[in-house]
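Protein chains: 2
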Amino acid sequence: MESATVVQNRVYLFGGEKTDGNRDMKNLLGGKGANLAEMSALGIPVPPGMTITTEVCKEYTELGKDKVYELLREEIEQGVAQLEKTMGKKFGDPKNPLLLSVRSGARVSMPGMMDTVLNLGLNEKVLEGLVAKTKNERFSWDSYRRFIQMYSNVVLGLKPRTKEDIDPFEEIIEHLKEKRNITQDTDFTVQDLKDLVYDFKDIVQKRTGKNFPSDPWEQLWGSIWAVFDSWNGDRAVYYRKMNDYPEDWGTAVNVQAMVFGNMGENSATGVCFTRDAASGEDRFNGEYLLNAQGEDVVAGVRTPLEITKTGSQRWARLAQVSDEEREETYPSLEECMPKMYKELHVYQQQLEDHYRDMQDMEFTVQEGRLWILQTRNGKRTGAAMVKIAMDMKDQGIISDKEALLRMEPTKLEELLHPVFDTEALKKSEIIAQGLPASPGAATGQIVFFADEAGKFKNTILVRMETSPEDLEGMNRAKGILTARGGMTSHAAVVARGMGKCCIAGAGALKINYKERTLTVDQREFHEGDWISLNGYTGNVIEGKVATMQPKLSGEFAELMKVSDTYTQMNVRANADTPKEARIARNFGAVGIGLARTEHMFFEVDRINAMREMILASTVKGRKLALKELLPMQRADFEGLFEAMEGQPVTIRLLDPPLHEFVPHQLATQKELAEDLHISLAAVKSKVAELHEFNPMLGHRGCRLSITYPEITETQTRAIIEAALNLKEKGKVTKPEIMVPLVGTLSEFKEQERVIRQTAEKVFEERDERVDYLVGTMIEVPRAAITATEIAEHADFFSFGTNDLTQMTYGYSRDDAGKFITIYLEKGILKHDPFEVLDRDGVGSLIKMATNKGRKVNADLKIGICGEHGAEPSSVAFCHEVGMNYVSCSAYRVPIARVAAAQAALIQG
Amino acid sequence: MESATVVQNRVYLFGGEKTDGNRDMKNLLGGKGANLAEMSALGIPVPPGMTITTEVCKEYTELGKDKVYELLREEIEQGVAQLEKTMGKKFGDPKNPLLLSVRSGARVSMPGMMDTVLNLGLNEKVLEGLVAKTKNERFSWDSYRRFIQMYSNVVLGLKPRTKEDIDPFEEIIEHLKEKRNITQDTDFTVQDLKDLVYDFKDIVQKRTGKNFPSDPWEQLWGSIWAVFDSWNGDRAVYYRKMNDYPEDWGTAVNVQAMVFGNMGENSATGVCFTRDAASGEDRFNGEYLLNAQGEDVVAGVRTPLEITKTGSQRWARLAQVSDEEREETYPSLEECMPKMYKELHVYQQQLEDHYRDMQDMEFTVQEGRLWILQTRNGKRTGAAMVKIAMDMKDQGIISDKEALLRMEPTKLEELLHPVFDTEALKKSEIIAQGLPASPGAATGQIVFFADEAGKFKNTILVRMETSPEDLEGMNRAKGILTARGGMTSHAAVVARGMGKCCIAGAGALKINYKERTLTVDQREFHEGDWISLNGYTGNVIEGKVATMQPKLSGEFAELMKVSDTYTQMNVRANADTPKEARIARNFGAVGIGLARTEHMFFEVDRINAMREMILASTVKGRKLALKELLPMQRADFEGLFEAMEGQPVTIRLLDPPLHEFVPHQLATQKELAEDLHISLAAVKSKVAELHEFNPMLGHRGCRLSITYPEITETQTRAIIEAALNLKEKGKVTKPEIMVPLVGTLSEFKEQERVIRQTAEKVFEERDERVDYLVGTMIEVPRAAITATEIAEHADFFSFGTNDLTQMTYGYSRDDAGKFITIYLEKGILKHDPFEVLDRDGVGSLIKMATNKGRKVNADLKIGICGEHGAEPSSVAFCHEVGMNYVSCSAYRVPIARVAAAQAALIQG
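So the protein sequences, as listed, match chains A and B.
Each step along the first sequence adds one to the number in our numbering, with nothing skipped, and position 383 is 1838.
Each step along the second sequence adds one to the number in our numbering, with nothing skipped, and position 351 is 1806.
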């Protein structure tokens, strides 16, 4: 049975007479394989090939190489036979050789993560045939040289692992260049290339103890295994972790006939985008290199040229290159190969129309014939993501639901990051100009090596170019600046994916890794010096530049409008000050879900009154001190209520342990003693008394206010008086008083009693009333478990998922970093539960509490106010359990709004 | 309708023609009321009276005095009319006055907790009539004097609140005694008593601004309200808290015709027990005073005499009184009033037979007529509890089930407390002799005031006599010594109830409160001096005396046998050393439920190897240090396995955070640095690195061993090698390896993998196998919530209820003391959840985990190993959820066995 369906089983063909797959088979064929099949079916000129499925990758992990070889051999041989037939060439045949590429292809693109081998099938015999057939000795030997280098690196494991390691092949090349006194690869003679080939083979023999394999089939199988192995390589593992991609997806392997962009001046290679991946503008753009292999473009080693004439002109303006010089030295593909350009333009439109999304394509021109090597949905910045989706919606290409579902909510954060202050920019000194490869505003201290990106708090990684090994460091740095490479260089593509500011190809930079210096126009910058990158303009600026809030584009507002059409949950903000409240409201928050009152006490004019309260040994003393605080608190609440006029404001009563408010340094203790006219010893003794072994589980939250009910009395009075004061001015307030850290019904009842009694007292005094709610945080596991009883008395539940996660897992946020990192590395945890809500554990408690609560109190208002309130998968969970709202920090409100709308769309 | 059923509603009659209640109505009538009704129905001579139900007490709390007066008035008046009819006297009628007593009576006895008023109904007119009728002016005026004093104290609130306060009445009495140069109350002349009455009335007028009430009805109502008020008095509240009695029980009020033991030499009053309340011996015993009121006996002011002749003789031996002197000065009731004694003896037998339990009775002889005032199940020591129950079982009075259910398991602890070492006792110096009022061995520093019982760590409270105000201090002290009072004095009764060592009536002691000295035979002891009390013999010993393990009596062994007939759960012990394991086994433990391995590392010869392991920065370094520890750990386990041969031993892998093992003092840090040949800075930096803000929620438990799997490897190897070594010697072991602090399935799986791999390796090395289990603590809420998954892989669950309680409540055991005390006082918590398992919260999680676990793994062994493992109500809960075993500290194993048997009996 197996041999009968063999081709359908593990290997799928495309390009030739027969195309087995289509784009819906990404899980099985990987993104690249599925798209190659799809393109091939569309009639796009794709080099023929075959895809080994991701299932085989899993088999490889489970069964091992030998077993998989047995399972796969027949299908691969049949597949190669098909390719030979389609291309009219023969694999390993010196007379008419078929060369192959072997590439990885996971279900989503993981740029630079996986290894690739090109020019496969060459050996000395085949090489002779290739020379004879192409009549291009240089090209042939260069291909062979490249193949040996690539194969040795990828398959034979000669790739240097750290920056201290020497790349043996590069060393030989540099050595030869010195000897021959040349600087460019292209200056090598044919003899040079032959020498390199022999030297390369020598080094392989020395390093591996074996001859470089000359059997094309051995080469092919070695490459296939290497791709599978790369799925579990460090870089791939890290990338998956960063992006939450599960390990068991596996990668497909694409074996494809080679086409060459480096067969002379009528050959070229490039990448292009149907729209602008940085800004989202609807303009075809891309870059190419004449007489080059595709890897040269993305590797960033040679700075490529623009594809379109307008793009080229724009680049020249930025790079301060005259149009004459540009036309001569940096012509666009449109100008240089107008026929190829025209054909490419047709295909890009066809592909975008077909996929109904922005495409990122790779192409090669081989001796005047255009091949499309790949197309995929292009990675894009947050801004581009919004603009492209909204544009396509307006252009009628996609529906508004589809546009909404295309959002990755967390990417919106990029749009909400501060930008450079316009005035500050005017005064700043621009030291260099590069390509605005990924927008943003980054200020940091220079580092030159990716693994040192954590050296300072804010760093700018400055490199000649970046490579996949730099990924982790790029993620840590605030911004990336490269001297080489274009808009599609590794640095640019990865930075855009990360939403990180990047300037690429700033050619004026001279970087000396050894000295750790960056020189521009004779000015020298050192490691640790501050620079700023303007990712919108490509300006590299000296020193720090002040930032300001971004103005949100029309597309962004449009997106919010679309979201609100579908959303069912409200989005509130966690805000402690009127300023934060106003920002949140601007971002569309419809209330405050968490106003922490303790922050108010840390302000200079209040902390002493607070400390006086803490140091008082009697109720009377505490009441006196609290009396001082009352007008300040009241004013705080008036400000909050005013900023959120007409919308609910949830105020949490004092939560942190008192020791957080007292001074722990001798000097400040002395000061306090003097200010309060008490002895230093009394201060010290109180501080010592307040010390706790596990403050997170200590005397805080409602435990404090049950011990000292006068705190709740004062805070309630301040809230109610503030609300009454606003009512006097004709303003509507909706105060919601929230009791923190409730674990038992009796705690809540006791606090509720104090709150309601105090409120009634104020109402009587003022002969006026306001409506208000009394509810509780659900942040102690016991509260969730006993939610039935608590819900009978509470007006609302607000899940404090930070504490709830701490107690459900028994992880102290302050200490767990140590082992959570290890847990993530070892796969014990899939996510940090403080970032992504843990559905199985914490989520179970939330569900339990919600169900129990609603059962006895159908009107119970339920929300979440932990850090998870804007994390999309957590927001989806909140929707699922039927919460009324999520609450998150002001800047993340738009993210939560989109995530909530998506949840409503997906879950209904 | 209300008036039709009025008598049945709120007031129940007894004694006269009609008895409404019986002993099954304790909840409604209180223990005293129900028993009075029961006795009266049995034909026992009980002074007639009526009981106001406990329901009225609740109404009083809810509705207030005025409303209850309306509800109650008619019934009380009808009741008094009935008493008048039965006694042939009339309340408030000078010609033939009926005097009443008003007493509290909750459903269980709360000795000294509640207030009582006697001789009620007297005023100057009635007094004249009483004198005329009794022809006993002295008795009449003394009764009036006592009434005023008692009523003023109880009802009018003149009772002194603290020891600094002066009792105005006592002051007047003392003053008069000085003036008259007499020492005894009995020396007062009639005129003296008259003077006292007037002086008393004066002081009442001065203090309250009102005349002492002369209206008998006003007196009656005032007394009723006072009893209800006393239910919420400080003493009663404290007593309820200490004994876990709910507030809403309320107290009944018994209004009863007065009989007088102080009407001359043919009158007497006393208390008696059908068996010995201290030892449990089956001998009738008790004490009486001639010509006295009942309160005089228990107040301990006059040392009473023994009831039986043998008892009297025994006392004389202890007190070194000659038989002649005894007969003359301290005759027994048996000798002094043989007819009364005979009658009393009949009733005591009748009552014990009826109630089938040891009875504690109060009686009065009024002018040659015996009245039984009260009977109730007598309070007893733990030893007496066991002996009486086992004796009654053997005597065929009760079944073995009944005997078992009569145990209060926690009282068994008294039997398990150390006793004085026999050898040490021989060398000790006895400084005084008293009555062995409550058994035990207590050593402590002398304090003279109850509220100073916490002044030293171990205190002996030394008093002339104790009173209900001293309760809290008595509970704090290790032992109680009084100079006055007998076996039924307040001190003796309360101490027996508390299971606390007490010597009463050590007459040779001279106590000077002011100087805080205790003088015996010219030797002076001061506050803070050490003395020891032997509660078995009544010996007061100078200094400290060494203790030893108690030998358990035959009745105790019998009890254990009975328990084991019914018990369904196993009882294991928490034991870390072979010594503890042997003790536990002796107490009947059938396995170890928790052996903590970390304690083993603290021993002097190991701590440095442990520290070396912690300070190692590489896996290799850690492995080297662990290699040193391996043989020690193996030896530890061999010892444990040997001690528990054939029984399961659950070994918990390393649990505490590493910082607990490193030195925090500079000097020891220096030492360590030298020992390990590393720099002090390295030690300090490691110590700093290990610091955590919330260590309870930090890097500990399996989080440690996942970070450093070599720890688990070493511990597993030690366990398995130890088991194999024992197997070589032909001994059976049942190791159960327990992973601590699991919160996620993947943690458990990861540790299980390391354990099983290591075990297999050892099996291979030794070419021999042993069976072992791998299970986990369930102590993190998340583990309970996700128990389904974990149970699929674990062989057993052991609930670590200490940590589970910490995390479910969010209470740090180290810090929560502060607010838990306040919570208990305010009634926010009913129990400290670290003492009594919280069924609603923590219990829900346990139930959830047990159900989920058993569903997927029917063989899952389930137990508990927290501090709750011997707390009876928690043990009952464990039975309820179907656990296989409970595990507790060695000394509490018998308690757990009885509690488990009771649970099985009650729940089936």
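It should be emphasised that the hints constitute simulated quantities derived from the structure, not laboratory data.
Since the structure is predicted, the reported quantities are computational estimates derived from the model, not experimental observations.
Possibly wrong hints are sitting among the right ones.
Given that identical chains are not distinguished, each listed pair holds provided it fits within a single copy or across any two copies.
Listed below are the simulated PhoX-like cross-link pairs for lysine-lysine, each with C-alpha atoms no more than 25 Å apart in a straight line [as the list claims (entries may be wrong)]:
1) K2273 - K1999
2) K2310 - K1764
3) K1912 - K2016
4) K1764 - K1866
5) K1881 - K2125
6) K1632 - K2139
7) K1520 - K1665
8) K1834 - K1764
9) K1866 - K1882
10) K1513 - K2186
11) K1910 - K1545
12) K2285 - K1544
13) K1634 - K2125
14) K1473 - K1522
15) K2273 - K1797
16) K2141 - K1910
17) K2078 - K1632
Now for the hints, and whether the structure bears them out:
1. In this assembly of identical chains, the alpha carbons of K2273 and K1999 never lie at most 25 Å apart, being 33 Å within a copy and 50 Å across copies at closest.
2. Taking the shortest Cα distances, K2310 and K1764 never come within 25 Å of each other, neither inside one copy (66 Å) nor across copies (70 Å).
3. Taking the shortest Cα distances, K1912 and K2016 never come within 25 Å of each other, neither inside one copy (37 Å) nor across copies (70 Å).
4. Taking the shortest Cα distances, K1764 and K1866 never come within 25 Å of each other, neither inside one copy (31 Å) nor across copies (96 Å).
5. For the homomeric pair K1881 and K2125, neither the shortest alpha-carbon distance inside one copy (47 Å) nor that between copies (59 Å) is at most 25 Å.
6. When the C-alpha separation of K1632 and K2139 is checked against a cutoff of 25 Å, the pair qualifies neither within a copy, at 73 Å, nor between copies, at 53 Å.
7. In the homo-oligomer, the alpha carbons of K1520 and K1665 lie at most 25 Å apart inside one protomer (20 Å), although the nearest pairing across protomers, at 105 Å, exceeds that limit.
8. With identical chains, the CA atoms of K1834 and K1764 are at most 25 Å apart within one copy only, with a shortest distance of 23 Å there and 105 Å across copies.
9. Proximity of K1866 to K1882 under the C-alpha cut-off of 25 Å is found in neither arrangement, the shortest distances being 30 Å within a copy and 84 Å between copies.
10. In this assembly of identical chains, K1513 and K2186 lie within 25 Å of each other by CA distance neither inside one copy nor across copies; the values are 64 Å within and 47 Å between.
11. In this assembly of identical chains, K1910 and K1545 lie within 25 Å of each other by CA distance neither inside one copy nor across copies; the values are 54 Å within and 99 Å between.
12. Taking CA atoms no more than 25 Å apart as the test, K2285 paired with K1544 passes in neither setting, with 48 Å inside one copy and 88 Å between copies.
13. Neither within a single protomer nor between protomers do K1634 and K2125 lie at most 25 Å apart by alpha-carbon distance, with minima of 74 Å and 60 Å respectively.
14. For a Cα distance limit of 25 Å, the shortest separation of K1473 from K1522 qualifies neither inside one copy, at 28 Å, nor across copies, at 98 Å.
15. Proximity of K2273 to K1797 under the C-alpha cut-off of 25 Å is found in neither arrangement, the shortest distances being 57 Å within a copy and 81 Å between copies.
16. Proximity of K2141 and K1910 under a CA criterion of 25 Å is satisfied inter-copy only: 22 Å between copies versus 39 Å inside one chain copy.
17. Taking the shortest alpha-carbon separations for K2078 and K1632, neither the intra-copy value of 84 Å nor the inter-copy value of 50 Å comes in at or below 25 Å.
Figure legend: structure checked against the earlier numbered hints; hints not met, in rising order: 1, 2, 3, 4, 5, 6, 9, 10, 11, 12, 13, 14, 15, 17.
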